[in-house]
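Participant: The lines below spell out each chain.
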Amino acid sequence: MRRDVFQAIADPTRRAIITLIALHAMTPNALAEHFDITRQAVSKHIRILSECQIVKQEQAGREIYYQLDINKIEEIDQWVEQLRKIWETRFNQLDKLLSTIKNKKNEK
Amino acid sequence: MKNDLLFDFTVDKSTKTVLITREFDAELSLVWDAFTRPELLDQWVAPEPYKAKTKYMNFEVGGKRFYAMVSPEGKESWAIQEYTSITPKTNFKMYNAFADADENPELPGSEWDHNFSGQNGTTKVSISIYNESLERLEKLEQGFKIGMSMTLDNLDKLLETLSQK
Numbered sequence: 001m002r003r004d005v006f007q008a009i010a011d012p013t014r015r016a017i018i019t020l021i022a023l024h025a026m027t028p029n030a031l032a033e034h035f036d037i038t039r040q041a042v043s044k045h046i047r048i049l050s051e052c053q054i055v056k057q058e059q060a061g062r063e064i065y066y067q068l069d070i071n072k073i074e075e076i077d078q079w080v081e082q083l084r085k086i087w088e089t090r091f092n093q094l095d096k097l098l099s100t101i102k103n104k105k106n107e108k
Numbered sequence: 001m002k003n004d005l006l007f008d009f010t011v012d013k014s015t016k017t018v019l020i021t022r023e024f025d026a027e028l029s030l031v032w033d034a035f036t037r038p039e040l041l042d043q044w045v046a047p048e049p050y051k052a053k054t055k056y057m058n059f060e061v062g063g064k065r066f067y068a069m070v071s072p073e074g075k076e077s078w079a080i081q082e083y084t085s086i087t088p089k090t091n092f093k094m095y096n097a098f099a100d101a102d103e104n105p106e107l108p109g110s111e112w113d114h115n116f117s118g119q120n121g122t123t124k125v126s127i128s129i130y131n132e133s134l135e136r137l138e139k140l141e142q143g144f145k146i147g148m149s150m151t152l153d154n155l156d157k158l159l160e161t162l163s164q165k
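Sequences listed follow chains A and B, in order.
Just so we're aligned, residue 1 is where the first sequence starts under the numbering used here, counting upward by one.
Just so we're aligned, residue 1 is where the second sequence starts under the numbering used here, counting upward by one.
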């Protein structure tokens with residue numbers, strides 16, 4: 001079954017999975033440890049990501065690693081945007097914090 | 001907030017490094033504190049809707065910060081950072097690795113280098129993240145590949161987005 005690539009990023013858990021494996025390829029167990037849902041639920045999300053052709057499996061010895069499919073990257077600018085947004089969001093939060101602290105200092 | 005603050009995000013394949021540069025509309029000492037004091041770090045470092053929770057932090061060479069990113073559902077993803085070099089208000093370096101709740105790191109991690117410089121009330125922070133494992137970098141590149149071209153193509157758009165927030 002093939003799915004629309006946007007279905008991959010429509011769900012927050014799948015976005016989180018993409019963000020994690022963007023940093024490095026992960027085994028199913030390592031991946032599941034990052035989530036509070038059942039392994040079955042994580043597997044289901046991975047299956048959908050595979051059907052969207054975003055995630056591919058790679059066998060390394062006994063372990064299976066999930067990694068991003070580089071050929072699909074062009075279609076998923078959105079998730080790169082997501083990744084960049086992490087840094088954007090972080091820094092915007094810092095902007096706010098700095099501004100709050102500065103204002104407090106000025107009031108004193 | 002100033003609208004012309006720099007934000008740059010690139011990957012340098014030859015040096016296996018991700019480079020992030022950002023300017024902040026604040027004095028150097030304040031920005032330094034925001035990067036090096038746990039009570040401040042916890043207020044900004046986790047992208048919403050995640051929260052950061054520092055269990056402990058000893059900001060000294062050889063000291064560590066053990067912290068979690070906490071999801072809205074309360075799920076904790078732990079990481080451990082060890083400070084390898086500190087030059088106050090100028091530079092600090094650390095080794096970062098994912099960890100379990102018992103502080104066991106998942107190696108290999110990555111080397112982070114932060115440089116700070118202040119001018120006329122604006123502070124520029126340059127962060128480089130070096131991944132020692134070539135294999136790990138290959139995975140990382142798949143994630144960051146487009147980021148580089150986007151930096152060039154969409155810099156204007158990006159700055160616009162930033163200034164709207």
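Please keep in mind that the hints were generated in silico from the structure rather than gathered at the bench.
Treat the numbers as computed from the prediction; the structure is a model and nothing was measured.
One or more hints might be untrue.
Mimicking DSBU-like on lysine-lysine, the simulated pairs with C-alpha atoms at most 30 Å apart in a straight line are [as the list claims (entries may be wrong)]: (1) B/K51 <-> A/K102; (2) B/K89 <-> A/K105; (3) B/K89 <-> B/K55; (4) A/K102 <-> B/K124; (5) A/K96 <-> B/K51; (6) A/K56 <-> B/K124.
Participant: Provide an ascending list of the numbers of those earlier hints which the structure does not satisfy.
Facilitator: 6
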